[in-house]
Amino acid sequence: MLLGRCVDPGPSSNLKKGEVYYLFPHGGLAYCASRFPRIGSKFGIYQKSRFELVEVAIDTPAQAPNKYLARVINPPSHFYQVGEEYIITEPRTDGYYSVYYKHRSDGPPIGAYRRTDCFERVIPIKESEADKATVFEVGARTVPEAVKVNVAAKQPKYEQLSLF
Numbered sequence: 291m292l293l294g295r296c297v298d299p300g301p302s303s304n305l306k307k308g309e310v311y312y313l314f315p316h317g318g319l320a321y322c323a324s325r326f327p328r329i330g331s332k333f334g335i336y337q338k339s340r341f342e343l344v345e346v347a348i349d350t351p352a353q354a355p356n357k358y359l360a361r362v363i364n365p366p367s368h369f370y371q372v373g374e375e376y377i378i379t380e381p382r383t384d385g386y387y388s389v390y391y392k393h394r395s396d397g398p399p400i401g402a403y404r405r406t407d408c409f410e411r412v413i414p415i416k417e418s419e420a421d422k423a424t425v426f427e428v429g430a431r432t433v434p435e436a437v438k439v440n441v442a443a444k445q446p447k448y449e450q451l452s453l454f
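Numbers in our numbering are just positions in the sequence shown, counted from 1, shifted up by 290.
In short, the hints are calculated from the structure, not lab data.
Careful, some of the hints might be misleading.
As the list claims (entries may be wrong) - Between beta-carbon pairs, the in silico distance windows are:
| id | residue 1 | residue 2 | range |
| --- | --- | --- | --- |
| 1 | F369 | F326 | 31 to 37 Å |
| 2 | L319 | E380 | 38 to 44 Å |
| 3 | E374 | V297 | 55 to 61 Å |
| 4 | M291 | G401 | 28 to 34 Å |
| 5 | G373 | K306 | 54 to 60 Å |
| 6 | L343 | G373 | 52 to 58 Å |
Small disclaimer: the values here were computed from a predicted structure and weren't measured.
Yeah, the Cβ is synthetic: ideal placement off N, Cα and C, and Gly gets one too.
With the sequences and hints as input, model every part of the structure.
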């Protein structure tokens, strides 16, 4: 992610001369321009010659929200039953918190609610180092070669189906 000042808006109605934009590389000769530090919020792709780089912005990794094991005390919808356990996150800045299945806390959320009286926090969930994604160097781990076993393959037996 880069920060760049527009020096030549050209015929574009989105770019304004002198305004600073977040730039994301797009191929060799273009940038995706955005007013926000997310590539998903881009409003167009423009030539590199239209921008003057101000500084290289540092990508800060998104911090995972704290998760808690929670029990339903007041169901927010008919999907939930009193006493069931789910994983919930701390509320975001807009007040919503995400709800995950207990057995799939790393999967997509199944709901997001604003009401705070629906779930009772039981215990905080701590992620271990083994659960976190890690990058291995090439050759750091070797996969054991497959062991060949002589097993006779069973042929399926088919029977004729008669309708009448």
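Against the structure, the hints:
Between F369 and F326 the Cβ separation comes to about 33 Å, which falls inside the hinted range of 31 to 37 Å. Between L319 and E380 the Cβ separation comes to about 43 Å, which falls inside the hinted range of 38 to 44 Å. Checked against the hint of 55 to 61 Å, the pair E374 and V297 passes, with Cβ atoms roughly 58 Å apart. At roughly 31 Å, the beta-carbon separation of M291 and G401 lies within the given 28 to 34 Å, and the hint holds.
At about 56 Å, the beta-carbon gap between G373 and K306 stays in the expected band of 54 to 60 Å. For the hinted restraint 52 to 58 Å between L343 and G373, the CB-CB distance of approximately 57 Å keeps it satisfied.
Checked against the numbered hints given earlier, this structure breaks none of them.
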